[in-house]
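In mature numbering (1 follows the signal peptide of the UniProt record, and there is no 0), the protein residues as written are -22 to -1, 1 to 579.
No wet-lab data here; the hints were simulated from the structure. Idealized CB from N, CA, C, for every residue including glycine. Careful: at least some of the hints might be erroneous.
Capping the alpha-carbon separation at 20 Å, the derived lysine to aspartate or glutamate pairs in EDC-like fashion look like this [said to hold, decoys possible]:
| no. | residue 1 | residue 2 |
| --- | --- | --- |
| 1 | Lys482 | Glu501 |
| 2 | Lys471 | Glu531 |
| 3 | Lys488 | Glu501 |
| 4 | Lys560 | Glu440 |
| 5 | Lys535 | Glu578 |
Cβ pair distances, simulated, as ranges [as the list claims (entries may be wrong)]:
| no. | residue 1 | residue 2 | range |
| --- | --- | --- | --- |
| 6 | Ala490 | Ala464 | 46 to 56 Å |
| 7 | Gln132 | Gln77 | 37 to 47 Å |
| 8 | Ala472 | Ala519 | 30 to 40 Å |
| 9 | Glu531 | Gly575 | 17 to 27 Å |
| 10 | Ala472 | Ala146 | 50 to 60 Å |
| 11 | Gly385 | Val557 | 19 to 29 Å |
| 12 | Thr446 | Lys535 | 30 to 40 Å |
| 13 | Ala464 | Gln151 | 56 to 66 Å |
| 14 | Lys465 | Leu425 | 14 to 24 Å |
| 15 | Gln151 | Ala490 | 23 to 33 Å |
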Amino acid sequence: MMKHTLYVCIFLALANMRGAVAEDDTNNLSLLNKLREENLVQSELKPIFTSSANNEQDSTKELTKNIPANKVKSQNNPLTAQWYKQQLSELNNKNKKLQSEIIAVRKKLSAITNEPVPETLEAQARETARQLSDTQQALHKANEENARLSASVQQAEQDRAKLDAQIAKLASQQMQSASQATKQLADAQAMEKKVSDENSRLQAALKQATQDKTKLDAQIATLTAQQTQSLSQSAKQLADAQAAAKKAADESLRLQAEVKQAAQDKAKVEAQTATLSAQQAQMTKQLVEAQAAEKKASNENLRIQAVEKQAAQDKTKVEAQITALTAEKNQLAAQLAKQQADAQSGSKKWADEQAALTAELANVKKQLAEKPAADATTGIPSSEQVKTAISADSKAGRLAKRAYSLGYFIGLESEQELRKITAFTAEVDQKIVLKGLLDRFNHTPLLTDKEIEASLAVIDKEINDNATDKGNKNKVLNEQLMAKAAKMKNAVKAKSNFIYLIHKPGSVSKVASTDSIRLRIVEKLGDGTVIASEKDNNVIAAAVKDIPHTLQEVVVKLGIGGEATLYIPPKLAYGEKGVAGKIPPNSLSIMTIKVLGIKER
């Protein structure tokens, strides 16, 4: 019975040590009192209980000691998950060690169960129970700390994941910053090179000033050597050298200003060069137009010469008529004088004849009055007389040539002005115009100044109104013609907004931009006005680079014998205002060109 009771008590004690189940100290004391009353505790158990108690006490003290330290370490390093895992491993090892010691106690108890338990172990049992209770509390606290540390480990893992995300984000930002820094570095290097080039340029500009300064330094050295001879002279020379140095510095600043001004002048020259290039292109276009106008003017001059020749012939006839009429007048005057002499005889027959002669004389005067142009040109030399005068190798001959050239130029200008006017007004009688011109030279006007000004004002208004109306009509007509041309077969719209059609490509070898060509041009305006026909044989010989850009763009696609038609809007042809007296406003130019020859360069 006593042995059975001892087994029960020992197993209860072991359960309390292994299960970490907290029991009240009262139950432990009751167990020890019962063992003491029944004298069941033997002396052989004392070392076991003492060793076990001491081990439990040491573990409890170590846990109690480590828990605050672990707490502090945990607070200082909340994210060191490895440290927490190490602490948990140590606690588990200690727990296993306790379990091993308990098993050893069980084995020893099993070996000595047949021996009596002395009463002297009562105090030790009580102490062991107390230590066991303390150990259980320490284990309970250790388990709580273990749970808390496990939660801390999980939190640390979460924090670590967040840190990894932040590190990845920071790495991405760092890469972007590095890319931006690389770009900024490249920009800085480019700027540094630009600054370096500018410094080199300034250094070159200041090189001369530096040489001057070197010379001045040499002069200063010479003056310093001479200082031993005369202190006053040296001081004066030093002052002169300082002034020269200041002058050199001023010169350096001036050179810098000149370098800057030179850069500005260079920019201006480049701008002027661009402007001159544009003007050159415009002049080239005007040259082509002038050549066409000159050709037409030459034809017109031939017509004028024919008219002048006819006028000279008419003048000769009129002069002959005047001579004949003058002779007839003289003859009639003689007859009248004779009849007057006969009249003195009082003959009635003579009176009748006198009346008849008087009527005939009035008729002759009337005929003379009907030749105003001939009278007005009285004194004007004939063409043969002028040829003789201008061919003389003398001062008078040179003056005659100058006078004739001036008159011809005035006539040409007058003709051109008359064409400008009649282009937008009604046709005028050229003979009356010539009469007005002669009256202006003779200072014998048939109208007052106010009447002339009023008539000219009417002409100006008609010109402006008709020009505006013509320009508007041509604008509508141009749109229709360009739209129609764009729909034609093989029509091509150039980048500069004109349309061309290639009828014949010509030879295999095409015109190059460096070649010179012979080009026949047939041109008419959108309203049908012919500027140059095939009969005119309007052929130009020029370098490709010197002809208008519209023609350049097409001729390089043609060979010898190649033909094309160009529809050129006003902005690329004669302008919106046209050419006064020749080309109406907003005129579309339709050119048919043919390459007659190519000369390579």
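Status of each hint after checking the structure:
1. Under the criterion of a C-alpha separation no larger than 20 Å, the hint pairing Lys482 with Glu501 is consistent with the structure, at around 18 Å.
2. Only pairs whose Cα atoms come within 20 Å are accepted, and Lys471 paired with Glu531 is accepted, the gap being roughly 11 Å.
3. Between Lys488 and Glu501, the direct Cα distance comes to roughly 23 Å. Violation of the 20 Å bound is thereby established for this hinted pair.
4. Between Lys560 and Glu440 the alpha-carbon distance is near 17 Å, which keeps this suggested pair within the 20 Å criterion.
5. At most 20 Å may separate the alpha-carbon atoms for a hinted pair to count; Lys535 and Glu578 meet this at roughly 15 Å.
6. Restraint check, Ala490 to Ala464: a C-beta distance of roughly 29 Å breaks the suggested window 46 to 56 Å.
7. At roughly 27 Å, the beta-carbon separation of Gln132 and Gln77 lies outside the given 37 to 47 Å, and the hint is violated.
8. Range check, Ala472 to Ala519: Cβ separation about 24 Å, and the 30 to 40 Å hint is violated.
9. A beta carbon spacing of about 20 Å between Glu531 and Gly575 agrees with the range 17 to 27 Å that was offered as a hint.
10. Look at Ala472 against Ala146: about 58 Å separates their beta carbons, and that is inside 50 to 60 Å.
11. For Gly385 and Val557, the hinted distance range of 19 to 29 Å is satisfied, since their beta carbons lie about 25 Å from each other.
12. In this structure the hint that Thr446 and Lys535 lie 30 to 40 Å apart at CB holds, the actual value being about 38 Å.
13. Against the hinted window of 56 to 66 Å, the Cβ-Cβ separation of Ala464 and Gln151 comes to about 58 Å, which satisfies the hint.
14. At about 55 Å, the beta-carbon gap between Lys465 and Leu425 misses the expected band of 14 to 24 Å.
15. Taking 23 to 33 Å as the suggested C-beta distance range, the pair Gln151 and Ala490 does not conform, at roughly 59 Å.
Going through the hint list in order, the structure does not satisfy hints 3, 6, 7, 8, 14 and 15.
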